[in-house]
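Trainee: Listed here are the chains, written in short residue letters.
Protein chains: 2
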Amino acid sequence: MTFEERARELVSKMTLAEKMSQMKYNADPIERLGIPGYSWWHEALHGVQRSGSATVFPQSIGMAASFDDELLQEIGSAVGDEARAKYNEFKKFGHLEIHEGLNVYAPNINIVRDPRWGRGQETYGEDPYLTGRMGTAYVKGLQGDGKYHKIDATLKHYAVHSGPEAKRHSFDAKVSEKDLYETYLWAFKYCIDHAKPAAVMGAYNKINGEPACASPTYLKDILRNELGFEGYVVSDCGAVCYLHKHHKVTENDAESAALAVNNGCDLNCGDGYKWLKTAYALGMIDEDVITESVVKLFTARFRLGMFDDDCEYDHIPFDVIECEKHRALNRKMAQESMVLLKNNGILPLKKEIKTIAVIGPNADSLAALQGTYYGEPSVYTTLLRGIQEGSDAKVIYTSAFSVETGQPLYWNDHVYRPALVAANKADVVVLCMGLSRNLEGEAGDEYNNEWSGDKPTLELPEHQRKLIKRIVETGKPVVFVNVSGSCVNLSYEKEHCDAIIQCFYPGAEGGNALADILFGKVSPSGRLPVTFYESVEDLPDFEDYSMENRTYKFFKGTPVYEFGYGLTYSKIKEEWLDENTVKVTNTGNFDTAYSVLKFEYIPHKNLCGFKKVFLKQGESQTITFGKDE
Amino acid sequence: MTFEERARELVSKMTLAEKMSQMKYNADPIERLGIPGYSWWHEALHGVQRSGSATVFPQSIGMAASFDDELLQEIGSAVGDEARAKYNEFKKFGHLEIHEGLNVYAPNINIVRDPRWGRGQETYGEDPYLTGRMGTAYVKGLQGDGKYHKIDATLKHYAVHSGPEAKRHSFDAKVSEKDLYETYLWAFKYCIDHAKPAAVMGAYNKINGEPACASPTYLKDILRNELGFEGYVVSDCGAVCYLHKHHKVTENDAESAALAVNNGCDLNCGDGYKWLKTAYALGMIDEDVITESVVKLFTARFRLGMFDDDCEYDHIPFDVIECEKHRALNRKMAQESMVLLKNNGILPLKKEIKTIAVIGPNADSLAALQGTYYGEPSVYTTLLRGIQEGSDAKVIYTSAFSVETGQPLYWNDHVYRPALVAANKADVVVLCMGLSRNLEGEAGDEYNNEWSGDKPTLELPEHQRKLIKRIVETGKPVVFVNVSGSCVNLSYEKEHCDAIIQCFYPGAEGGNALADILFGKVSPSGRLPVTFYESVEDLPDFEDYSMENRTYKFFKGTPVYEFGYGLTYSKIKEEWLDENTVKVTNTGNFDTAYSVLKFEYIPHKNLCGFKKVFLKQGESQTITFGKDE
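Protein chains in written order, with our numbering: chain A, 1 to 629; chain B, 1 to 629.
Heads up, a few of these hints could be off.
Distance condition first, Cα-Cα at most 35 Å in a straight line; then the derived DSBU-like pairs of lysine-lysine [said to hold, decoys possible]:
| hint | chain 1 | residue 1 | chain 2 | residue 2 |
| --- | --- | --- | --- | --- |
| 1 | B | K354 | A | K91 |
| 2 | A | K521 | B | K325 |
| 3 | A | K274 | B | K466 |
| 4 | B | K394 | A | K394 |
| 5 | A | K521 | B | K394 |
| 6 | A | K394 | B | K521 |
| 7 | B | K494 | B | K425 |
| 8 | B | K466 | A | K91 |
| 9 | A | K91 | B | K425 |
| 10 | B | K425 | A | K24 |
| 11 | A | K521 | B | K354 |
| 12 | A | K92 | B | K350 |
| 13 | B | K91 | A | K466 |
| 14 | A | K466 | B | K24 |
| 15 | A | K354 | B | K332 |
| 16 | B | K351 | A | K92 |
| 17 | B | K92 | A | K354 |
| 18 | A | K92 | B | K425 |
| 19 | A | K92 | A | K147 |
| 20 | B | K332 | A | K425 |
| 21 | B | K24 | A | K425 |
| 22 | B | K24 | A | K469 |
| 23 | A | K196 | A | K277 |
| 24 | A | K147 | A | K91 |
| 25 | A | K350 | B | K92 |
| 26 | A | K91 | B | K351 |
| 27 | A | K476 | B | K92 |
| 28 | A | K350 | B | K325 |
| 29 | B | K425 | A | K332 |
| 30 | A | K571 | A | K332 |
| 31 | A | K394 | A | K521 |
| 32 | B | K521 | A | K354 |
| 33 | A | K425 | B | K92 |
| 34 | A | K332 | A | K147 |
| 35 | A | K92 | B | K342 |
No wet-lab data here; the hints were simulated from the structure.
Input sequences plus hints: build the corresponding full structure.
Mentor: What follows is the structure in structure tokens.
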């Protein structure tokens with residue numbers, strides 16, 4: 001029997017009430033049928049979250065910068081192993097609680113339409129093709145290729161979802177057919193075709209007037225029929241209740257539940273589906289609709305091996321969590337995720353350097369490694385510690401501003417002085433500045449401070465800008481390390497600093513990876529997955545979902561750093577032998593990884609292939625792009 | 001010429017307005033006299049604060065637990081060196097800003113009258129004699145014994161100051177003559193006699209109706225005349241304005257400034273003394289009073305060598321900050337500060353232990369090392385990292401609750417499960433629980449959360465208690481590491497855990513020191529500087545300043561652990577040969593430090609001497625107590 005047949009048989013034994021109880025994220029046990037309670041809410045965007053320590057990989061936007069989907073697939077598999085290992089322990093408690101299960105709400109394959117969006121860091125950037133490739137890799141890694149799914153991946157947030165955070169629960173994203181298919185749905189289609197994700201999560205917002213979690217057009221006509229999605233749909237958390245609370249397309253809870261389930265939302269993250277009984281009693285839904293959703297959910301549970309004793313993943317040991325292999329994968333990804341934006345020759349730092357000043361609130365911050373949707377590592381290396389351990393130089397450190405909040409700690413001119421003293425004592429200054437999850441993140445995150453989710457401008461906080469200027473004025477060489485999950489205006493740093501490394505939120509091995517790059521153990525090889533603009537003044541209104549004048553494809557201005565930009569310590573020569581064949585040669589003096597990007601012009605510039613290779617000095621490789629690379 | 005003579009000569013050249021401008025904490029420059037601007041506000045309670053990285057020693061309450069005043073004096077000297085090294089850089093800016101100067105507002109020698117007080121951690125505990133000895137050591141260390149003062153120490157808060165925090169700006173501490181002299185003033189007298197502290201800070205509160213910062217009885221009659229204090233008095237920060245704002249003993253700013261300065265408050269931390277001119281114009285103060293205060297302040301500045309070029313401390317190099325010697329001192333103090341409260345033989349942990357579960361929000365927390373009034377270390381070892389690096393055992397870690405807030409991170413039963421899984425996988429569980437500066441601290445601290453300053457009860461947070469119980473129920477051996485700066489009710493842990501270590505806030509080397517103890521590299525030797533009560537129900541009202549039924553001297557109940565309690569890994573035999581002579585012998589199987597405590601009965605039990613010695617196995621030492629030890 002197929003998983004679906006087994007699911008159908010089991011579901012046929014359930015009462016209507018029992019079936020309805022399986023469509024809440026916190027599904028009840030049905031003891032008479034041997035079904036344990038199960039929570040469908042778990043997170044693993046870049047490592048397993050919220051269930052004890054786990055390997056924390058770089059935030060997704062950083063992994064996108066690696067342009068290394070093979071490595072990302074390995075990471076997805078590692079994350080899946082860690083989630084499985086935890087499940088294997090948690091299931092001993094008898095029923096599964098939140099953050100213990102086998103399905104996760106990842107990856108986030110939304111498009112970074114606008115750099116102000118606080119959740120851009122969760123995604124693979126602004127390009128649908130890159131997003132499709134990276135999303136596919138992560139889904140494949142999580143789900144595995146065995147008889148059973150290792151972990152169910154969930155593509156989110158379907159669809160046309162990219163802020164503003166403050167309005168997301170009622171926002172109506174207005175989008176043209178062209179942008180819809182070319183930008184917003186493209187990666188969903190690509191991932192569905194290439195990775196068969198188990199689940200899709202509906203977004204909070206409306207799309208052209210229809211709430212995404214209950215939309216006949218977008219869930220039924222497009223997702224099911226056009227895109228051919230066969231898995232289960234889950235609502236974003238709370239979204240079903242928001243149909244009447246915020247979108248006001250329904251009058252009450254029962255109508256909301258009915259609207260969602262009738263349009264193909266099989267599972268509810270939130271409390272909306274406790275009203276299914278009422279909706280049924282009022283004649284708003286048929287049992288058949290319920291049955292089909294529950295069959296989808298149990299097909300998934302059977303496919304995850306929950307009801308079998310021959311699942312290969314039942315034997316993944318607890319020791320796999322944060323194992324050496326995962327730490328090595330993590331360090332490699334962190335190395336590949338960092339983007340060298342400027343280098344006047346100061347990098348890699350010379351062995352002669354005796355004293356390094358490390359300055360900034362992101363230098364010794366675990367949060368700066370984690371970004372949002374983060375797990376808890378038991379072993380990690382902050383940027384500061386990486387620099388300390390990676391070199392024999394003396395390190396003089398000051399956070400300058402609060403590590404926890406990013407805000408100035410002191411008064412008057414003294415705010416800046418400890419940093420200036422450190423700089424004056426040093427041969428080189430490494431500024432670890434940028435943003436944090438206090439300054440860019442998701443609406444409602446407890447740690448948001450002044451900006452709360454989205455950021456109003458692309459500028460670094462004013463006190464950081466003041467300090468950077470004063471450090472530059474000391475005349476000391478400055479390496480600017482920008483920690484952020486989105487574009488910030490780096491115009492000043494581009495002009496005045498000796499080197500710039502964009503390191504995103506680089507995960508638990510971030511400090512080691514940064515040191516590997518600073519001290520020349522590896523060459524950087526990341527490339528920007530988003531355009532680095534100068535100002536929001538150059539962009540359309542944040543609420544405008546047209547792609548006109550957005551992203552490298554359509555932006556009419558001059559970016560500070562363009563999509564795909566990124567230096568290595570070597571020189572790479574690309575010779576295109578034909579449209580699909582390129583010979584790349586390392587003509588410089590440094591072994592390096594390198595991502596070859598293939599663009600087409602249709603007529604706008606459009607990424608249509610990439611391949612990461614490793615080239616020793618003098619080495620050549622010839623790459624032939626197929627249709628899907 | 002003496003420093004005072006030079007001060008008097010310089011002050012004689014000042015106009016009245018210039019003199020008044022020197023009595024604000026942010027003293028103006030007087031360029032025509034070659035006097036640079038100077039800020040009298042700096043902090044160094046257990047390491048230099050707020051001026052770039054510095055060695056962070058254990059919080060004061062922990063250092064008190066060492067009963068090692070010789071070591072504390074070395075630490076005071078090290079802190080003084082670091083403050084001086086920073087000053088030597090900051091003075092190059094021309095004028096000194098806040099947190100850059102040569103006088104610090106430390107030590108805090110208030111008495112822990114009540115365990116609810118959030119600032120008890122800043123002090124040396126509940127015993128005046130211990131406080132006097134430790135305060136003396138710290139002052140001597142800071143000030144040095146040279147021609148110049150290395151750093152000016154400030155005894156605070158004079159006097160009768162120990163909460164409640166929420167009411168401190170208007171509180172009237174009512175105190176008997178007996179308690180005043182025997183308890184509240186005793187350590188001030190001792191330190192003034194033995195260490196000649198440069199400064200005393202007036203408290204926020206009233207004492208028997210008189211605001212401490214403007215009290216004729218307590219500042220003039222007692223501090224100057226009875227206790228013989230010859231230095232300068234500084235107000236607590238903002239306290240002068242609070243005379244009318246909160247205490248309502250004056251009508252306006254001018255009256256407040258006049259009342260304070262006329263009663264001997266020479267220096268104002270805050271903005272109150274900008275009204276001195278008005279007060280003078282209104283005839284409320286005489287120029288002579290101003291002159292005498294300013295002479296005191298400039299005597300201090302001369303004595304600090306600010307106007308000389310032969311000051312030995314001008315050559316303390318920047319490299320002294322966080323140098324190896326200071327780190328070694330710090331680790332030694334951290335080792336000595338930890339108090340072993342229970343050990344059923346599990347400690348030191350056996351080499352056979354393969355897997356250790358480390359659980360709790362204080363395990364991987366920098367804040368747990370720092371406590372309040374903290375500096376920023378550039379190198380530190382959390383409790384978790386110390387355990388990881390101190391042993392070859394596999395470590396499974398989970399914070400269980402938020403490291404930042406201490407609050408539960410998750411939902412439902414899942415809150416506890418990752419910790420239970422970790423425990424079940426381990427041979428031994430090390431619980432790193434307790435409080436934090438979120439739960440005990442100073443009124444107005446930004447990081448206070450639910451308890452805000454003082455704590456309402458002696459209980460650990462409820463979610464911690466639940467988790468501890470569930471961990472104990474796993475049957476695994478449990479070492480309970482309590483991080484706190486005050487007594488918490490450890491009754492349950494005393495009954496159910498295999499070992500308890502009270503580690504206070506152990507400073508930057510805290511993790512190394514804990515590992516040294518857990519793995520038997522050193523024997524613990526700390527002794528409690530405060531009584532560990534079971535419940536506030538056993539104590540008088542928090543606002544009652546009578547010592548009746550408080551501290552080991554007068555408490556009528558049975559404490560969970562008494563003042564002075566603390567085990568070693570060895571056995572020590574004390575043989576009192578006469579009233580002042582004791583032979584101590586290490587009869588056990590472990591080399592250990594040990595603090596001999598000498599009590600008298602007058603008729604209540606009263607500490608009147610202590611001496612820390614190091615005894616190898618089998619070694620004896622004979623100690624003779626003099627009058628002041």
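Trainee: Next, verify each hint and record whether it holds.
Mentor: Do the hints match the structure? See the list:
1. K354/B <-> K91/A: holds (25 Å)
2. K521/A <-> K325/B: holds (32 Å)
3. K274/A <-> K466/B: holds (30 Å)
4. K394/B <-> K394/A: holds (31 Å)
5. K521/A <-> K394/B: Since the Cα atoms of K521/A and K394/B sit roughly 29 Å apart, the hinted pair holds (cutoff 35 Å).
6. K394/A <-> K521/B: holds (29 Å)
7. K494/B <-> K425/B: holds (24 Å)
8. K466/B <-> K91/A: Holds - the C-alpha atoms of K91/A and K466/B are around 21 Å apart, at most 35 Å.
9. K91/A <-> K425/B: holds (15 Å)
10. K425/B <-> K24/A: Distance ~32 Å between K425/B and K24/A Cα, so the pair holds.
11. K521/A <-> K354/B: holds (34 Å)
12. K92/A <-> K350/B: holds (30 Å)
13. K91/B <-> K466/A: Satisfied, since the Cα-Cα distance of roughly 21 Å is no more than 35 Å.
14. K466/A <-> K24/B: Answer holds: K466/A to K24/B is near 28 Å, not above 35 Å.
15. K354/A <-> K332/B: Between K354/A and K332/B the Cα gap is close to 29 Å, so the pair holds against 35 Å.
16. K351/B <-> K92/A: Between K351/B and K92/A the Cα gap is close to 30 Å, so the pair holds against 35 Å.
17. K92/B <-> K354/A: holds (23 Å)
18. K92/A <-> K425/B: holds (13 Å)
19. K92/A <-> K147/A: Holds: K92/A and K147/A sit about 23 Å apart, inside 35 Å.
20. K332/B <-> K425/A: holds (29 Å)
21. K24/B <-> K425/A: holds (32 Å)
22. K24/B <-> K469/A: Holds, because 31 Å separates the two Cα atoms, which is no more than 35 Å.
23. K196/A <-> K277/A: OK: K196/A and K277/A at ~32 Å, within 35 Å.
24. K147/A <-> K91/A: holds (21 Å)
25. K350/A <-> K92/B: Judged against 35 Å, a Cα distance of about 30 Å means the pair holds.
26. K91/A <-> K351/B: Holds, because 32 Å separates the two Cα atoms, which is no more than 35 Å.
27. K476/A <-> K92/B: holds (18 Å)
28. K350/A <-> K325/B: Within the cut-off at roughly 29 Å; holds.
29. K425/B <-> K332/A: Between K425/B and K332/A the Cα gap is close to 29 Å, so the pair holds against 35 Å.
30. K571/A <-> K332/A: Given that 35 Å is the threshold and the Cα spacing comes to 21 Å, the pair holds.
31. K394/A <-> K521/A: holds (19 Å)
32. K521/B <-> K354/A: holds (34 Å)
33. K425/A <-> K92/B: With Cα atoms ~13 Å apart, K425/A and K92/B stay inside 35 Å; holds.
34. K332/A <-> K147/A: holds (30 Å)
35. K92/A <-> K342/B: holds (33 Å)
Consistency note: the structure conflicts with none of the earlier hints.
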